[in-house]
Amino acid sequence: MDEAGQVLAELRTARRRRRTARIDTFEAFYRAYLTALGLGLAVLFLSNLTGDTRLRPATLASIRTHGPAIVGLALALAVAVGLRSGGRGGPLVIEAADVRHVLMAPIDRGLSLKGPAVRQVRFALLIGAVTGGVGGLLAFRRLPGVPGAWLACEVTVGAVGAATAVASAMVVSGRRWSRLRAGVLALAIVAWSAADAALSWRTSPVTLVGEIALWPLRFRPAGLVGLVGLLVAAAVIIIGLRGVAGTSLEASERRASLVGQLRFAATLQDVRAVIVLRRQLALERPRARPWFRLRPVGVRLPVWRRCWHGILRWPGARLVRLVLLATIAGLAGVGAWRGTTPLIVVAGLALYVAALDAVEPLAQEIDHPDRSDSYPRPAGALHLRQLAAPAVVMVGVGAIAGLAGYLATGLALRALVVAGVLIVPASLVALSGAAVSVVKGPPPPLSPQQWMSLETAGIRLAGRLIWPPMLAVLGLLPLLAGRSATHPVPVVAAAGTGVVIVVAFAAAWVRFEADAHAWWTKTVASALWAPSSSPKG
Amino acid sequence: MGAELVAEGLTKDYGDLLALAPLDLRVTPGERVVVVGPNGSGKTTLLRMVAGLLEPSDGTVTIDGHPAGSLPARGATCYLPDDPVLYDDLSVAEHLEYTARLHGRHDWEAPAATLLEQLGLTARSDDLPSRFSRGLRQKTSVALGLIRPFSLLLVDEPFVGLDPSGRQALLAMLDELTATLVVATHQMDYVARAERCIALRDGAVTYDGPASGADLSSLVG
Chain A
1 MDEAGQVLAE LRTARRRRRT ARIDTFEAFY RAYLTALGLG LAVLFLSNLT GDTRLRPATL
61 ASIRTHGPAI VGLALALAVA VGLRSGGRGG PLVIEAADVR HVLMAPIDRG LSLKGPAVRQ
121 VRFALLIGAV TGGVGGLLAF RRLPGVPGAW LACEVTVGAV GAATAVASAM VVSGRRWSRL
181 RAGVLALAIV AWSAADAALS WRTSPVTLVG EIALWPLRFR PAGLVGLVGL LVAAAVIIIG
241 LRGVAGTSLE ASERRASLVG QLRFAATLQD VRAVIVLRRQ LALERPRARP WFRLRPVGVR
301 LPVWRRCWHG ILRWPGARLV RLVLLATIAG LAGVGAWRGT TPLIVVAGLA LYVAALDAVE
361 PLAQEIDHPD RSDSYPRPAG ALHLRQLAAP AVVMVGVGAI AGLAGYLATG LALRALVVAG
421 VLIVPASLVA LSGAAVSVVK GPPPPLSPQQ WMSLETAGIR LAGRLIWPPM LAVLGLLPLL
481 AGRSATHPVP VVAAAGTGVV IVVAFAAAWV RFEADAHAWW TKTVASALWA PSSSPKG
Chain B
1 MGAELVAEGL TKDYGDLLAL APLDLRVTPG ERVVVVGPNG SGKTTLLRMV AGLLEPSDGT
61 VTIDGHPAGS LPARGATCYL PDDPVLYDDL SVAEHLEYTA RLHGRHDWEA PAATLLEQLG
121 LTARSDDLPS RFSRGLRQKT SVALGLIRPF SLLLVDEPFV GLDPSGRQAL LAMLDELTAT
181 LVVATHQMDY VARAERCIAL RDGAVTYDGP ASGADLSSLV G
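From first to last, the protein sequence lines stand for chains A and B. Per this note's numbering, the first sequence starts with residue 1, numbered consecutively. Per this note's numbering, the second sequence starts with residue 1, numbered consecutively.
Note that these hints are calculated values from the structure, not bench results. A couple of the hints might just be wrong.
[Said to hold, decoys possible] Here chain B is said to cover these stretches of chain A; the calculated rule only asks that three of the stretch's residues, wherever they fall, bring their Cβ under 8 Å from a Cβ of chain B:
no., stretch
1, 312 to 324
2, 349 to 359
3, 477 to 489
[Unchecked claim] Non-contacting residues of chain A with respect to chain B, defined by C-beta distances greater than 12 Å in every case (computed):
no., residue
4, Ala4
5, Leu8
6, Leu11
7, Ala96
8, Ala288
[Said to hold, decoys possible] A short list of chain B residues far from chain A (calculated; beta carbon distances all over 10 Å):
no., residue
9, Thr44
10, Glu94
11, Gly104
12, Ala211
13, Ser218
All figures in this text were calculated on a predicted structure; none of them were measured in a lab. The beta-carbon is built from N, C-alpha and C at its ideal position, and this holds for glycine as well.
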């Protein structure tokens, strides 16, 4: 090791030593216990919820034909996300102090960045392996094949896919490719995979990796071509790691600052701050000019018009994200209808994330409470009005989800009718979840939780974070109610009506939450501090 | 000995916003230049591009013929920002040690002790800067800048947060330097100590001449 490398290693060792000395052993064990408990519960949940119904021969044949390309398409999307991140300077997150003191020192940046880059690829491998493992767990319950083989293949494909996505970002950022160039490449890779999926080809390297994912279902010598995909992925990872020295310092410094804030916001469970910072990280800014201008109509409907002024300035990337999330929700909904129950959670979460984007006009108001305070109406009334335009947006998102589901079922009329019945309640309940999350905000720093036991406070905090997205999942439960019914449409419609009641409760909560909170605080304060009525002595 | 700084057509924009209009600049070795201008005029942008922290949208900037941000330019250029960025888990002394060694300086102990003494940080050398006030962090940042070898010093608002003794110490240190010096500041009394003044407004140069002859109130106001 040369002298610079030696100094860098010593610097990192000194920092690690100091950090290790600060760790509270009890807290570390407690965190490990909570993580293990959470993972155990997740595995138990997934294992129990997975449908055990074996797929029909026709479906199996379809999976054998189209499966590799569909898995490849999912991997291509992951790589495309990586390429886009690379175009914005990702994926490396370097500490601001490292940018100033190490990257600006006269030493080879490849040497400085090798460690963080390898760690990031290693982390991606782990996350991909876990995701693939969950996929394998779901697959072997419904598909023929050896469970161990499913797990091994899905873990491999997941790990390779995630690492390739991260390395693709490094290739782009290391070579300072423009966002446009990265975007075009991402589009080309996705289009290539989509062509493979549509025409049942096996030409794209990601489709070849997808071939490995289906080995437990159908292994044949020709399937070994999947190894070529692995070789291409390995090449991308090596090229990405070797080119990391070219990463832009400007982007690194910007990311260092934003990611630091992002982590802090995540620690505080401040969902809104996380969303805003993530948008900044993605350089997602409102358009200088709206997509089209609203016609002036005087002073009528000021809140409605103010909301649309904001929505019409949404950047193209946000619109594309909404369409993608809607498509995911639609496809996952079809999967849940056909028997893979856990996909209902995926569909619900996709709608919830879309709703967090859609609810932006209300979130803007909550971010600037002085504005609503100066408005001569109760804040709750204003907040409720600000949900009208997002509701229209969400019904649009729901319609796209329904269309995706309709197309995925091969234009089945029943799918169209079920989607038609469910679009409005499911979209609005997802919006309700997002509105509740935004209005509730992060947990207050000083709260009665401080007087609770660690477990109780933890469960309460987790509940506060989890129940808004669970509302969105709740909105799709009519799908599960109807899928096994002889005449599903009336069942879905009846359950959907029940969901509308949830929306009404959420709307009432948004309208009266501030008033109720003020009343409760005042009542508690007066009860605690009221002078005693019986004179002493 | 100081380094020569040359900028040709140096431009920075952020989409619609022009932060620095095409700028041509030559600073001769050992020259002392002060950059003034109202908030948002482009002073920090200029310094950060010379330091290699920002990439020009157009044009070039070189230090002794080497592009800003290149390995030789990083060795020659020291940038003291107005926002000190320090490790939370290294003491002041450790900061000084590793900064000096990363810049290839082996005889760092005696100069580090002198710097700490001059800046009044001797008693705090084993403390973590995460517990420091703004002024103490600024002093630590100054010490880190000056512990390493350089031939071009870029200083952005150096006196912000410093107490009078820290300010005097920094002034004395800057006066003793033989390196080329570019200081961006709002402190008008410092301008008189420079040889040359460059005034920026809305990203464009509005004055470039002797510091003594500059009408500062019109340039900065």
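So, going through the hints one by one against the coordinates:
Restraint check on the stretch 312 to 324 of chain A versus chain B: 0 residues with Cβ-Cβ distances below 8 Å, three needed, restraint violated. Coverage of the stretch 349 to 359 of chain A by chain B is violated. Counting CB-CB distances below 8 Å, 0 residues qualify, and the rule asks for three or more. Note: the stretch 477 to 489 of chain A has 0 residues with beta-carbon separation from chain B under 8 Å; the three-residue rule is not met and the coverage is violated. Non-interface call for A/Ala4 relative to chain B: violated, since the shortest CB-CB distance, roughly 7 Å, does not exceed 12 Å.
Interface exclusion of A/Leu8 from chain B breaks down, the closest Cβ pair being 7 Å apart, not more than 12 Å. Some Cβ of chain B comes within 12 Å of the Cβ of A/Leu11; the nearest lies about 5 Å off, and the non-interface call is violated. Not every CB of chain B lies more than 12 Å from the CB of A/Ala96, the least distance being 5 Å, so the non-interface label is violated. With a closest Cβ-Cβ approach of about 6 Å to chain B, A/Ala288 is found to fall inside the 12 Å limit, against its non-interface label.
At the 10 Å boundary, the C-beta of B/Thr44 stays outside the reach of chain A, the nearest C-beta of that chain being 13 Å off. A beta-carbon of chain A comes within 10 Å of the beta-carbon of B/Glu94; the shortest separation is about 6 Å. The beta carbon of B/Gly104 is not kept farther than 10 Å from every beta carbon of chain A, the shortest such distance being approximately 7 Å. The Cβ of B/Ala211 sits about 28 Å from the closest Cβ of chain A, beyond the 10 Å cut-off, so the non-interface label holds.
Distance check for B/Ser218 against chain A: the nearest CB is about 33 Å away, which clears 10 Å, and the non-interface claim stands.
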